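Generate coordinates for the entire structure from the input sequences, incorporating the hints supplied.
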Amino acid sequence: MPIANIASVMAHGILSHNEAAQLNHADISLADVQERRERKSVPGGLLLHEYANLYFCARNPMMYRRQNERERLCVLLVD
Numbered sequence: 009m010p011i012a013n014i015a016s017v018m019a020h021g022i023l024s025h026n027e028a029a030q031l032n033h034a035d036i037s038l039a040d041v042q043e044r045r046e047r048k049s050v051p052g053g054l055l056l057h058e059y060a061n062l063y064f065c066a067r068n069p070m071m072y073r074r075q076n077e078r079e080r081l082c083v084l085l086v087d
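Count along the sequence shown from 1, then add 8; that gives the number in the numbering used here.
Accuracy of the hints is not assured; some may be wrong.
Okay, the calculated beta carbon distance ranges per label pair [what the hints assert, rightly or not]: (1) Q75 <-> G53: 34 to 44 Å; (2) A29 <-> P69: 15 to 25 Å; (3) E79 <-> L54: 16 to 26 Å; (4) V83 <-> V41: 17 to 27 Å; (5) H20 <-> L85: 15 to 25 Å; (6) R47 <-> N68: 18 to 28 Å; (7) A29 <-> R73: 14 to 24 Å.
To be clear, the hints were calculated from the coordinates, so they are not data collected in a lab. The model shown is predicted, which means the values in this text are computed figures rather than measured ones. Note that beta-carbon positions come from the ideal geometry of N, C-alpha and C, so glycine has one too.
What follows is the structure, encoded as structure tokens:
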């Protein structure tokens with residue numbers, strides 16, 4: 009996540025894509041991925057964008073594609 013978003017996460021928590029869209033934040037999401045996710049429903053009837061997106065491994069495809077931006081990104085440990 010962008011380092012610039014740490015204060016927002018501390019104030020508002022980890023938000024879904026739709027909730028985060030309501031706040032001023034740095035967005036590093038990949039447009040092609042978001043287009044697929046915005047219409048994807050999951051068991052229970054909600055859309056994928058209504059859930060918070062968490063990774064269980066810091067080395068994941070999204071971070072790989074953003075590795076050239078690593079100076080402005082961070083990985084938060086949630087315990």
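Consistency of beta-carbon spacing, V41 to V83, with hint 17 to 27 Å: Holds - the Cβ-Cβ distance for V83 and V41, about 18 Å, lies within 17 to 27 Å.
Pairwise beta carbon distance, A29 to R73, judged against the given window 14 to 24 Å: Holds, since A29 and R73 (Cβ atoms, about 21 Å apart) stay within the stated range.
N68 and R47 - C-beta distance against the hinted 18 to 28 Å: For N68 against R47, whose Cβ atoms are near 22 Å apart, the range 18 to 28 Å holds.
Outcome for the supplied range 16 to 26 Å, where the beta carbon pair is E79 and L54: The hinted range 16 to 26 Å is violated for E79 and L54, with Cβ atoms some 35 Å apart.
Q75 versus G53 beta-carbon gap, inside 34 to 44 Å or not: Because 36 Å falls inside the window, the suggested range holds.
C-beta pair H20, L85: status relative to the range 15 to 25 Å that was hinted: With a Cβ separation near 18 Å, H20 and L85 satisfy 15 to 25 Å, so the hint holds.
P69 and A29 - C-beta distance against the hinted 15 to 25 Å: holds, 22 Å
Hint check: a violation occurs at hint 3 only; the rest are consistent with the structure.
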